[in-house]
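Student: Residue numbers (this note's numbering), protein chains in the order written: chain A, 4 to 120; chain B, 596 to 706.
Some hints could be false.
[Claimed, not checked] Partner residues aside, some chain B positions facing chain A, computed with beta carbon under 7 Å:
1. S625
2. Y634
3. G638
4. L639
5. K644
6. Y645
7. G648
8. S649
9. L651
10. F694
Just so you know, the hints here were simulated from the structure itself, not pulled from any lab data. The C-beta atom is built at its ideal place from N, Cα and C for all residues, glycine as well.
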Amino acid sequence: GAVVSQHPSRVICKSGTSVKIECRSLDFQATTMFWYRQFPKQSLMLMATSNEGSKATYEQGVEKDKFLINHASLTLSTLTVTSAHPEDSSFYICSARSIQAPNTEAFFGQGTRLTVV
Amino acid sequence: AQSVTQLDSQVPVFEEAPVELRCNYSSSVSVYLFWYVQYPNQGLQLLLKYLSGSTLVKGINGFEAEFNKSQTSFHLRKPSVHISDTAEYFCAVSEFSQFYFGTGTSLTVIP
Numbered sequence: 004g005a006v007v008s009q010h011p012s013r014v015i016c017k018s019g020t021s022v023k024i025e026c027r028s029l030d031f032q033a034t035t036m037f038w039y040r041q042f043p044k045q046s047l048m049l050m051a052t053s054n055e056g057s058k059a060t061y062e063q064g065v066e067k068d069k070f071l072i073n074h075a076s077l078t079l080s081t082l083t084v085t086s087a088h089p090e091d092s093s094f095y096i097c098s099a100r101s102i103q104a105p106n107t108e109a110f111f112g113q114g115t116r117l118t119v120v
Numbered sequence: 596a597q598s599v600t601q602l603d604s605q606v607p608v609f610e611e612a613p614v615e616l617r618c619n620y621s622s623s624v625s626v627y628l629f630w631y632v633q634y635p636n637q638g639l640q641l642l643l644k645y646l647s648g649s650t651l652v653k654g655i656n657g658f659e660a661e662f663n664k665s666q667t668s669f670h671l672r673k674p675s676v677h678i679s680d681t682a683e684y685f686c687a688v689s690e691f692s693q694f695y696f697g698t699g700t701s702l703t704v705i706p
């Protein structure tokens, strides 16, 4: 099946620094990539949707200047948490949908556990 | 917009017993349905999906689900659970290229 690789799986950073998370589709081209945030024991909260070569669409309440999303190619999207604070600590997950089947299943990365100290 | 309801937030079940995790969604107009499993500190893994055709779909790890259009449901079942099935399960609906998740059901298998 299709594989989405997310890196890093865990990161600890100091408050005020920026962290970049990468999401790659390894064996397919992704027309759309999604970024989610998940709090403990809760469902996934969609943060933004990104399409290759265009600006990401952010969900209401998500600060676009804080969570920078770049979708530079059909296989790579990045999420940068700028000036991170402890409240940004969370589990971030990306997913991607294939160009061949854009309306069907989404493939998920392994997630990134971000801890801001 | 779609809403996906998983009524049971936690389901404890004894090992080798059957289990059903319930999922209801708000609209049946041209939707695709999915069940994902999430193990601690990991991403989501697809268990099974309904796109079209037979309403009973079989997935990995012995799970199956039945699409019921009239009841707008897509309940997940397994006849005999194992300890390794302990995880979080998410029902999801895809409509017009948007993906909607339920709030999740935490399945705990008791030895």
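Student: Now tell me, hint by hint, if it's right for this structure.
Tutor: For each hint, the structure was consulted:
1. S625: violated, 9 Å
2. Y634: Violated, about 10 Å.
3. G638: Holds, because the Cβ-Cβ distance from G638 (chain B) to chain A comes to roughly 4 Å (cut-off 7 Å).
4. L639: Check passed: Cβ of L639 (chain B) comes within 4 Å of chain A, closer than 7 Å.
5. K644: holds, 6 Å
6. Y645: With a minimum Cβ separation of about 10 Å from chain A (threshold 7 Å), the hint on Y645 (chain B) is violated.
7. G648: violated, 13 Å
8. S649: violated, 16 Å
9. L651: violated, 18 Å
10. F694: Hint on F694 (chain B): holds, closest Cβ of chain A at ~6 Å, below 7 Å.
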